[in-house]
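S.K.: Now for the letters of each chain:
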Amino acid sequence: MEALIKKRIKQVLKGDQSAYGEIVEIYKDKVFQLCFRILGNRHEAEDMAQEAFIRAYVNISSFNIDLKFSTWLYRIATNLCIDRIRKKKPDYYLDAEVSGTDGLTMYSQIASDTILPEDEIESLELQETIQREITKLPEKYRSVIVLKYIEELSLNEISEILDIPLGTVKTRIHRGREALRHQLRNV
Amino acid sequence: MKCPDNIVLYMHEYLDEEIEEQDEQLLKKHLQTCPKCQSYFHELEKAIALVQSTSHIQAPSNFTENVMARLPKEKRRVGVNRWFRHHPLLTAASLFIILMTGSVFSTWNKDHEFSVTKQPNLVVHNNTVIVPEGEIIKGDITVRNGDLQIEGKVEGDVTVINGQINGENYLASAGHVTGEIKEVNEVFEWIWYHIKKTSKELVSVFQDKE
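Just so you know, the sequences run in chain order A and B.
Per our numbering, the very first residue in the first sequence carries number 1; after that it's consecutive.
Per our numbering, the very first residue in the second sequence carries number 1; after that it's consecutive.
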């Protein structure tokens with residue numbers, strides 16, 4: 001897998017754009033999921049995930065081919081999402097929570113044309129609840145928790161992606177877990 | 001019962017799989033006896049399980065196409081190279097045609113100077129080669145960019161490129177030339193002549209080997 005990626009990167013370095021399509025195809029779900037779990041919004045997540053791939057392409061010559069490509073790519077994506085949270089403007093999206101309501105999104109204002117079975121709705125609601133609680137975490141805990149429990153990366157890799165010491169990663173994971181324990185214990 | 005110091009830290013170390021052997025023993029022993037810590041630990045495990053349970057979501061359809069459409073344009077050179085790589089047969093064929101045409105025309109253009117096969121007894125006068133009356137030329141004659149006038153006899157083939165053979169008709173019938181008489185004027189005729197010459201040479205090479 002890594003060997004295939006390296007081969008494609010070398011082709012991209014020679015200027016072959018179509019080889020990059022394969023790289024995008026391989027990592028798109030991982031990167032989109034990472035962005036979605038950090039941002040909690042599909043539209044923003046798609047924007048950021050696309051932006052991450054474009055930045056990776058433009059800066060591919062600065063990528064050290066001896067390192068793991070995914071680490072580098074996740075780092076670009078995570079940084080973009082963190083920046084996005086920090087200078088977040090009040091955008092309005094359909095799946096953003098309507099203020100003053102408890103978990104209602106603009107989607108609930110639109111009549112649904114498909115009727116979902118009871119248990120599917122329940123599991124969807126649970127998913128939404130969990131995602132909402134993740135999004136409530138302070139941004140520095142949110143990114144480590146997503147990288148650790150959703151992308152299932154090692155503490156060392158997380159430390160590399162976020163460019164922070166291993167000790168800091170551990171502390172943030174402990175605090176993030178504490179916050180989630182508190183938020184999710186009654187679910 | 002008093003809970004040991006650092007018991008919560010041990011829980012986290014355990015969850016990170018980075019706990020010391022003796023601390024793990026202590027944690028396990030304590031959890032069996034302390035319901036408060038037990039439920040605290042269960043809440044941590046539950047939070048992790050819930051976060052992990054969020055089903056794996058996929059990127060929207062057309063994601064890759066959208067990314068590719070937004071990339072800066074690639075250099076033209078690479079596109080051409082890729083086309084060649086994907087169409088090896090066409091590439092080989094067009095390369096062959098280019099080289100062939102090139103070599104044929106360069107040979108054609110190179111040959112604009114007057115030249116004649118060296119034979120004794122031939123007289124050259126103003127780009128006209130004359131086989132003088134009463135002389136017998138033994139061997140083939142090739143004249144380039146000039147005329148040939150035969151008054152004597154040629155025992156061999158006669159070829160004139162970009163020129164004329166004067167009095168060819170009656171000379172041939174009168175048996176003044178024993179071999180073939182050829183006049184080559186047009187490019188295509190000339191190419192045909194070249195091909196015939198090359199194949200004749202090839203044939204003779206093989207015949208020599210036998």
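By construction, these hints were calculated from the structure, which means they are not laboratory data.
One should not assume that every hint holds.
If you want the footprint, here are the derived chain A segments under chain B, 3+ residues with CB under 8 angstroms [to be verified]:
(1) 11-25
(2) 28-34
(3) 58-70
(4) 73-84
(5) 148-159
For glycine and all other residues, C-beta sits at the position ideal for the given N, C-alpha and C.
S.K.: If a hint holds in the structure, say so; if it doesn't, say that too.
M.R.: Outcome of the hint check:
Judged by the Cβ-Cβ criterion of 8 angstroms, the region 11-25 of chain A is covered by chain B as claimed, because 9 of its residues qualify and three suffice. With 5 residues bearing a CB less than 8 angstroms from a CB of chain B, the region 28-34 of chain A meets the requirement of three and the coverage assertion stands. Taking a C-beta to C-beta cut-off of 8 angstroms, the region 58-70 of chain A contributes 1 residues in contact with chain B, too few for the three needed, and the coverage statement is violated. Counting residues of the region 73-84 of chain A whose beta-carbon sits less than 8 angstroms from any beta-carbon of chain B gives 0, not enough to reach three: the coverage restraint is violated.
For the region 148-159 of chain A, the assignment as covered by chain B holds, since 3 residues bring a beta-carbon within under 8 angstroms of that chain's beta-carbons and 3 suffice.
In summary, the numbered hints that this structure violates are 3, 4.
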